[in-house]
Each structure stands twice: as C-alpha cells, then as structure tokens.
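Hints are included, so try docking the two chains, each in its own frame, into the full complex.
Chains A and B supply the protein sequences, listed in that same order.
Using the working numbering, you'd call the opening residue of the first sequence number 1 and step up by one each time.
Using the working numbering, you'd call the opening residue of the second sequence number 1 and step up by one each time.
These are calculated hints, taken from the structure and not from any lab test.
Where hints are given, some of them may not hold.
Claimed, not checked - Just so you have them, the derived chain A footprint on chain B, three or more residues with Cβ under 8 Å:
#1 165-174
#2 228-235
#3 345-357
For each residue, glycine too, the CB sits at the ideal point set by N, CA and C.
This is what each chain is made of:
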Amino acid sequence: MAVNFVRPSIPKLATDPWAIQFDAQGHLKHLLTIEGLGPTWITRILDTAENFMSVTDREIKKVPLLRGRTVVNLFFESSTRTRTTFELAAKRLSADVLNINLSTSATTKGESLLDTLRNIEAMQADMFVVRHDQSGAAHFIARHVAPHVSVLNAGDGWHAHPTQALLDAFTIRRIKGDFAPLRIAIVGDVKHSRVARSQIHAFNSLNVGELRVIGPRTLIPNDIEPMGVRVFHDMRQGLKDVDVIIMLRLQRERMEGGLLPTEQEFYRLYGLTEEKLRWAKPDAIVMHPGPANRGVEIESRVADGPQSVILEQVSNGIGVRMAVMALCMSAES
Amino acid sequence: MIQNPPNLGIDLDPVRHPEGCRPGIDCDTWLIQGARVFDPADQLDRIADVYLADGRIVGIGDAPEQFPHTQVQKIDAKGLWLIPGVIDGWARLREPGLEHKATIATETLAAVAGGITTVCMPPDTDPVLDTIAVARFIKRRAQLSGRARVVAIGALTQGLKGELLAEMAELTEGGCVAVSNAHYPVRDLRLLRRALEYAATFDILVVIQPEDPSLSKRGCAHEGAIATRLGLPGIPVSAETAPLAQLLAVVAETGARIHINNLSSRAGVRMIAQAKADGLPVSASVSAHHLWLSEMDTDALCGNTHVQPPLRSLRDRDALRAGLEDGTIDCVISDHQPHETDAKLAPFPATEPGISGLDTLLPLVLKLVDEEGLSLARALDALTRRPAELFGLNDSGRVAVGARADVALIDPDAYWTLDEATMRSAGRDTPFFGWDFRHQTRATWVNGRLVFERAT
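So here's chain B without its partners, still in its complex pose (with noise of 0.2 Å):
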C-alpha cells in the first residue's frame, strides 16, 4: 500500500489510484503495453507488453495463466522503453545523521524520479551503521517513504576508525549487501587483509574506496595543468593507484571479493584490467560525473565540480570510458552527496566535496550511448544486471518472469534540460544545470507498486 508517510516535511507526489481501486491489492496488477522491453541478462530488446502482479514480474509477451482481466491497471507504453530498475551502487541519503542536508524520503523520491529502484547506502552514517540497529532504522525509513528500495552497506570497522572489525556477519545477515570502509582509510594494513580474510569467510563483498590520505591531504583538484594554474592544492594519481595496489597485492593472498568503488584514473582502470586478467575476484565502479567531467570543468572555480576523487584529466577521463565500455568497470554509481546550499558557497578548496547524482546517473549514462558511443547494451548491464549480481540483489535487475517487479519505463525522446524545476532531490549541488537529456523516466515501479509517474 502506497501512503505518504506523516511530517517528514516534504511534499511528496501524490500517486494515481483509479476510482474503485484497493490500494495494496488491485493496485499491484499491472499490464505496461507496448513499450520496448530490454532484459540485459537475456540480451532481451523487444516490443512487448509486460504484466506485472505480487511484487513480481509475472509475464512478457503473453497474458500470464489466471492473470485478472478486471481491476488491471493498463498503462499505454507504445513508443517508451520499459528497463530493469537502476540499482545505484553507492548513494548517500544523509539519514541518519545529516538530516539538514537531505532525507530518506526527499532522496528516494529523487532516485524513482530517475529510474533508479535499489540504492546501496553506505555506512558513514552518524551512527555510523557498524550495528543491526542503524541498519534497521534505515530500512524502516525507507520503508515509510514508500519511494526506492534503500539496502545498506554494512561497516567494516567499527566505527569506521580503521581499529576494530565490524559484525559483518550479524550485517549481512541483517540485510546488508557488502561491508564498507567508505571513504575512511584503514591505515594498519595488518588489520585491512584481516578484515578481507574475515569478510572473505563468509563471502562478504567488501567496497573499498582507495585513496591515500597523506597523499590527498588538503588536496581539492587534479594535480595538473589547471591545478597549477588556478593555485588550488593537487591529489597526485598515486593517491588511488598507490593504496589499490596494496589492496590487490593483500587481495591476491586473501580471496576476498573487492569492489573498487568511484574509479578516476586511467591507471586505476589499467590496474583493475590487469587485476581482473590474473583472475582476482575485484569489480569496479565509476560515477557518471567522472564519465562526463574533467579536471577542464574545475575552471570556474565552481564548488559544484569538487568532488572526491577529483575530477581528472581528460585521458583520464576517456579510459574510465574506454572500461566502461569494455567491461573492465563493472557499474556507473551516482556517488550521490546531497548538500545544503551553503556547503557549496565559500571559494573552491573550503567547499565541501561531492555532488547530488540521482537525478543525472540513468540520464548521463544514457546520453554517453546517444552521444559517444557506448553500446545501450552495456550502458543497461552497468545501472542494472551488473550491480544486481555484485550485491547479490539475485531477483533484481532484469525484466525477466519471475523476477522483482523493478522497472522503470523510459521515454526515449523527452529533450529537457536539468534546473531547479526538473531536479527532485533535495540537494541542488550539481555541476549539470543547464545540461540537456534526451532519456527521461516517466515511471517507476517498486515491488509491483508504481511510486512514480510524471506528470505530462
């Protein structure tokens, strides 16, 4: 059943429900007709009506077996493409903790207006979510909003202070998909390949987000050309080659599966093609920011380009393509950091880093296919299949019989343009006003339920 859930201070859309229909019951049986239905895993890209009922998807193509001809919800799709749901592999929602910068509920909302049904939240949270509790909390939360699907990213350490190991197993069997260090290091590298042995035991995903912090120290920018002209402190390269190539070399002797999130090098890229080539059991993701973005966007001084890991060169930048492309970068993630306007208002280096992604991650990935080439297909198996299979989300990610109901349907030529009108979430640090998208999403489903419909 759809309700909005009380004083959570926003506005939430209201969703359509036909006259005569029970909520929770007729609502959840759903005919899409006639949209271009695309299934990465099976390589599925046809027109077909898909039926949707429990939660489930129960059939593509033809009427399911006792499927109801009465209380049907019918949605003419001729002309749009029906897709998986994005499962976004790394997006902060601010709750609990930093609730001045963004909620549960306004982000959520956020990721179904943008495709996106599965968003992994990772564990620098305050508290940090090292226990089942925080995990919990979040999940009910998520809940009353009634919007995405949010999974947690467990702790890896307690606290996230790099000293003890956190209850991974109590984690993942409390409903979080991997374990998480975030963007805090692990300084005692004894205690890091214990922590991947540990996690490895159980057969734990571990994300692992590589930076040096002396080497990153008071770094803002890109070490180079336009670092050097604009004055602004540089983060080398080495900064995420040097701690991944430690990472790997403890990997090698440990077994743990590791997922490299929010790429930025080509060297990086380089290093995991070569990880993946001697059989290591390693996954990387990029951001869609750093897909579209370099270090030539820092020349505005505009806080909204600093982010963590800077923005790099424009080589950089091609070969985080070039892996995308070639699967040698397994998903696209958001890297979604909500911020109240003032984070972003002081000169450049005093701003604090990261930008609001969910709006932008399904269309930037879909205007790199329009515009540079990436196959649709991959674009699709990066936001969908791939981090499905990584997280271990088995019944996600496909438009498949018997798989979640998490689709989004997508109108491919929509033309419109991000600003303040368009975007749902509640932080407005984006480096993409003014950009214009071909892809919109018009609806999304979650667990069968629609949660979001665009108004037309």
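With the rest of the complex left out, here is chain A (with noise of 0.2 Å):
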C-alpha cells in the first residue's frame, strides 16, 4: 500500500535525558548519569580529583573554592558512607553543607517530592545532593528545580550512582593505568544495582578491553548486553583472566522474591573466596561499593586481604566528589 508523506512529524519525546546536564555553554551543571559525559568529561572529572587529593594529604585539608555556597545533602533513602563523603567533600571545599534526611519525615507526611524541594530551594542553596529509592528521581528533581541550582545524583532507584562509577574508575586508573587491556567482572546482584549500571557507562566509556557481569539469570536483567557486558552465570569462567572483580552488594529482601534460595548457596556459588580469587589474574584487585556483607557476597579474608581496594575506594570517594562538586559549580559563575 501506498505510504503518502505528509509533514514529518517529529516525536518530542526523543530528547536525550542526560542533555540537561550540561548548560547553553557546555559546561557539567548536573551530575545524574554517566551516559552522556562521554571519555572527555569523565577523564576531566579524574584528572581534577587527582589535584584534590593532595589536598586531602594537607595539613589544613581545605580550599576555598566553594567558600559561601550551600550544598544540601538531600537523602529520601538512608546512606551512611555516600552522605558523610558528599558532606566531607564539601566542607573541603569550604562549603556549607546541610543534611537533610527525608526518609523519616516530609514525604511521609504526604508531602510530595517537588514540594519538599521547592522549601529547601527557599533556603537559598546552591547544590542538591540528592538520594532516592525512584529511579529518574534526580533528572526530575534537575528539571524542576531553579535554574542556579546544581543537582547531583547520589544514587535513583537501579537507575544510576554516578559518583560510585567515577571513584571506581578513579581507583582502578590509580592502581591499573589504563583501561584499554583491562578485563573488569560484576558480580552479584546486577539487577538491582544502580552501581552496576553506572560502572558499565563509564567503562565502556573508558574504553575498557572486556567488561563481564557474572550471576545467576534472577539477578542479570535482560537484554542487557546492548549496554556492552557479556553475562557469565559461572564464576569460574567469568573471572579467568580478570584484572579487576568488582562485588556488588546482596540485599537480604531478595531472598524473600524468590530470586534466590538462600544466602549459602549464593555463597557458594557466587561469593568471592580465596578459593575463587585465584581463577582471576594474579595481581587482580578487589572492589566492593560498600556496605559488604561478609560472608554473602565476600569473604573477610579476601575484603581485608592484599588484593582488596576497598577503603581505597572509600577514601578516593572524597577527592572524586570535590572534583565533581567544583566542576558543577564552576558552570554557572
């Protein structure tokens, strides 16, 4: 049948989402994804962090870059290390930081999310760090609050905790150099990972040789390698010749979905031994975004022993957060 062209009509909705984060000059205003940054920003954001640590070796750990501005720490979902890092990094940066924790309070009142910002925007702040259980909570947040106001998203939902995959990256540059003959493996509960998802951005972003996600089918969401992952669902294939083995943390709640049947056999299965390590490259290092739970997903001898980078992580979180801070506030002044 005979198609007749009328005008092209052109769907409004393909807007890129990550487009809002950049200003009418290009500049970084908000930090909620990676996708978008590309290998140039990403590596600008490393090389910054990289000066900020030496801050952090200082006597007088501060700079006074942010001196006069409000950054507030804005938690719908509790957090213990992203809060006090995010607030560390700003009062490094001699900001004012205030916490905000909304789990327990406005929103339960039936107050909705855009009136809750609108109240804090009142108080003149100049940066939103937010945290919440909705994925897409921080580009909703970004695209409702006032213009010279920043958001960074401190994790949404499974969609995305940009600052997690940037102080990996960070970590893994430090110790590795370069990403291009690098093998990195996932493991765990991939599914539900925010962290995941961010880590698969920036280092296919980064050019990484391989990149592996490793788990049972329940928590390996589908159709996931047009991200740019293979899947493995045995461990010992997925981490043969692996430079890098990233740990994702297992919620107990996902025994009672059924996703698995306990937390031995996940363990057994999936949990990171000494045993298991040693089907990796000899020098591969060990990650875990924090909080492990030791004896699920990671052996204690393994998440304290010579392999493991995980307060490395921590401690990086600090600079790769000043940097990201900075870059976005830079954007408007």
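Dropping the structure here:
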C-alpha cells in the first residue's frame, strides 16, 4: 500500500535525558548519570580529582572554592558512607553543608517531592546532593529546580550512582593505569544495582578491554548485552583472566522475592572466596561499593586481604566528589 | 434540546442556534451538503448530501419525502468527510469518584471534539459500577452534559473484588453494554470460569484486561533493554500472555463472548489470531498510543509514557499495527485516563499510569492511514462499525438511512498541532503534545443534535 508522506512529525519525546546535565555553554551543570559524559568529561573529572587528592594529604585540608555556597544533602533513602563523603567533600571545598534526611519526615506526611524541593530551595541552596529510591528521581529534580541550583545524583532507584562509578574508575586508573588492556568483572546482583549500571557506562566510555557481569539469571537483567557487557553465569569462567573484580552488595530481601534460594547457596556459587579469587589474574584487585555483607558475597579474608582496595575506594570517593562539586559549581559562575 | 447544565465548573462551548429557531424542534433537522460520506458497513465512500431528522439519518443523496424545506439547518461540507461517530470502547471519565481529575462534562466535550459520539465507560468508578443506581447516575450526568453518549460497562464481580458475581443480568437490562473487572484481577480461576458461564447464559460480552498482578507487580515499563538501561522495574510480556492463555482455555469450555482489552504484545496478537482461527468467540482491542509509541519513548523518563500495559518493543508495536490491519485486533480504543497535573509530577515509577487519549484517538488512527499505510476502510471500521457490533449498539457506527444520527464531520486537511490550547480533555497527561496531525473534527452530531462545532 502506498504511503502518503505528509509533514514529518517529530516526536518531542526523544530528547536525550542526559542532555540536561550541561548548560547552554556546554559546561557540566548537574551530574545525574554517566551516560552522555563521554570519555572527555569523565577524564576531566578524574584529572581534577587527582589534583584534589593532594588537598586531602595537607595539614589544612581545605580549599576556598565553594566558600559562601550552600550544599544540601537531600537523602530520601538512608546512607552513611555516601552522605558522609559528600559532606566531607563539600566541607573541604569550604561550602556550608546541610544534611536533610527525608526518609522518615516530610515525604511520609504526604508532602510531594516537588513541595519538599521548593521549600529547601527557598533556603537559598546552591547544590542538591540527592538520593532517592525511585529511578529517575534525580532527573526529575534537576528538571524542576531553580536555574542556579546544581543537582548531584547520589543514587536513584536502580538507575544510576555516577559518583560511585567515577570513584571506582579513579581507583582502577590509579592502580592499573590504562583501561584498554583490562578485563573487569562485576559480580552479583546487577539487576537491582544502580552502581553496576553506572560502572558499565563509565568503563565502556573509558574503552575498557572487556566488561563482564556474573550472576544467576534472576539477578542479571534481560537485554543487558546492548549496554556493552558479556554475561557469565559461571564464576570460574567469568573470573578467568580478569584484572578487576567488583563485588556488588546482595540485599537480604532478594531471598524473599524468590530470586535466590538461600544466602548459603549464593555464597557457595558466587561469593568471592580466596579460592575463587585464584581463578582471576594473580594481580587482580578486588572492589566493593560497600557496605559489604561478609560471608554472603565476600569472604572476610578477601575483603581485608592484600588484593582488596575497598578502603582506598572510600578515600578516593572524597576527592572524586570534590572534583564533581567544583566542576558543577564552576559552570554557573 | 441543548442545554448547558449549571454548576459543572467548566465553560462549555456555546452551541450554534440560528435566529428564530426553536431548539429541539427545528434544530434537529439538518442537511449536510457535499461531504465525502463513509459507511464502513456498506463500504460506502461517495460524495452525497446527508439528511438528519429526529435523531436519525433519514436520507443519503436524495431528500427523503416530507423533509421540511424550511427551518432546515444547512451545512456546506464540501471537501470534508462525514463519518460515523467514533465509538470508544474503553475510556475513564473519572466520575463518580475522581472528579478532581476530570468529570463526565469535561470529558464528553473532549470526546465530541475528537469525533467520538459514544464512550464506553469501565466500571472502576467509586462507587464501583456494580449496581443499577450507579449506571443511572452516569447516564443522567451524561444527559445533563448533553455531549457524547456514555454507555456503561458494568462490573463482573461485586466491588471488582473478584469474590462474588455482580448482578450482570440486571446491569445489562439497565443499559450496561458489557461487564468487566477492569484492571482488577479475578485471581480465583474457578470464579472466573463461573462468571464467564453466567455471562454466557445471557450472552453478555465480558471485557477482560489480561494482566497477571504477580508478574506485573511493582513494574512500570516493558521488561527489555530500555528498562534495563534506565533501571526501571520491568513488566514481562508473560504478564499479558500467561493470563490470556488461562482465559482462552476457560473460554473454550464456557462459550462466553469475551473482548480482550488493550493488547500490548506480539505474542498476545498471535494468541488472539489462533483463538479466532479456532473459532472461539474472542475479539480484541488496542489503544491508539500502543500503535504509535514503544519502549523507546520511555527514554526521556517522562511520566506521560507511563501506561498500563506498558509500551513494549518496536516489534510488538509493529505486530499490533499488523493485527489491526488484518482484523485480528477488532477495534482501537483511547484507554483514556485523564490525570491531574500532580499525578504525573514525580519520578517515572512513582507517576500514576495512564494517559489522556480522547483528543487523539481519531487523529492518531487516521495518521496511521496517512503515514503507515493502514487502509482507511479498516481504520474507520475499527473505530465505528466493529465496536458498535461488539457492544450491541446496533443502530450506531453507521452512516445509513435509519441509523442513529451520530456522525462526525472531519476536515482531512486541517494540519494542526496538539498543544495546551487545542487539547480539550481536563487531563493534560499526553505524550503527544507537539505532534502534528492532518485530520481534525469540524463538527459532531449526537442523536441528531449538533453538539460540537469548531470555530473557524
């Protein structure tokens, strides 16, 4: 049947969700997801972080970059490590920091997310660091904040946790150098992991040699290969010749949802023990975004062992978050 | 007589009355001149004058005997199309129960402005449409509004709880055109089987929305590459096909007439095709937005693409288009769900599902004809004659002498863009803002009365 071509209709939906991260001059304004940053921006953030790491080693651990600015930690979901490292990063940049834990207050009283936002905005905040249990929450907030406010995503649902991925990339780069020859394996609950999604985008942007995800079918989401990973269900095959092993946290609720029979079986098949670690390259490093469940996804001797860089990740987190805050705030000034 | 009801909180369009006309007497006599007239049942497609009187179509081409020569309202319709008014098989008008989203008055106006003359309203109102009283209330409100005809789909089970059968026979005697449990599941298969048996006793059409609540639990998007990338909890295709398979097995035993509402997947279309080939009394519908959008449109994390069932893959969308063309899918519905702005102002998974569809039902289907090669005859059939037949609205869905004078006059070259100003529904939750359309409704008659005319 002949098709009459009328006027081309351009669906207005197809705006890139990550384009909002940049202002009109192309500067980074918000950090919501790794997608769209590309190798240039990721490298710029990592290089900036490298500069800030020296601040951390000084006697007076402060630079006046964000003096007089207010950073609001807006956490709709509980967190210790991420919130404190963001707080520390902001303080080292001389910003004023306000911590608001909303998981128990306003939102449970039926106040809408937007109302909460408007109220805090009225307190003259310059930057929101947001964690929320719904995918897309950070984008939603970035779309609705006042134009001078920057938004940093500190984790939204299963979607993204970009600063975690950046600090992981930073840690790997410091130890291993170039990404091109590396094989990286992400092990465990990829399906519910915002960390894994952001890591996949980050490592692929940095041209990683090979990226693998390892886990049972219940914890690996459908159609994940287009994101640029190879899927393995067997730990021994998956860890073969791997340079970096990233273990993901397994939430105990997963047993109730029927995704796994027991913690013991998961540990036996996918938990990182000293024995399984030997299947990887001898100089492989072990990472974990924390908090680790010892005896569920990782053995204590591995977590505390010579190949583990888990604590380095935490200290690197401060430098990377300082870099992101400084870059995002410099966009609007 | 066209009267604007008092205190409905909206500004209804003024309806044109000529000078010296006695509304309700003279105005009900119309001569629509020179339109291209379509009747899908007769495959009629020709330019002719159409005469309306006393709520009926009384003549096509030649003036009927005793057609008055004075006091006749004439409309010059050269270059326009006259089609049967669209019958929308599934549209929520939000009244009673959710009047903050929309009302029968606002939505029936949106309907007629979109060429829709009959709206079938599902029973998930509050109170539930499981008694004659609620059905009568809705009918009365629709009459007061004086726009589109609203027909009710009664409840299959009391309170839609899936525990006790609703009084289906009484509901249908009271004017309900079908029964349904809307999107509430009937978990007990034995009860579902008995409900179908009972409905079959009285030859009542049962409308089923196949969705397994355990498989779709917490999901908000099609389980596939896009949901994986965006970290959205997925709804697998089996949430549709698994309950559909169970249902078809039960239908084969009970012989009940069932209508599968709002099909979303390629596998679902295949199952319907097979069931029809097996001679089961099954029909199906698809929403207009599923014919145009796919999971790819979820990309912007825009709450206006959060619908149930979810927008699936491009292959699914293409299978739905093919199913509509070959008749596997009988009709197209709006699946209209107007929302207040706040319902969509949240991160994608936290928004309420559903979009406002009355304004775009006819334009989207005719856009398929224009741009995607759907035949015009099938398109009109799926919007008018076929739903009329399914829901037993025997004198509707036609432009034929003796049929109800529910007709719409369409400008086939209007070229317009959907935006805040052109949208009529109280619900602004549409993903189609900014879309260009070619066809636009110019005027609509319901029961022989001009209920909508677009200012030019």
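Hints breached by this structure: 1
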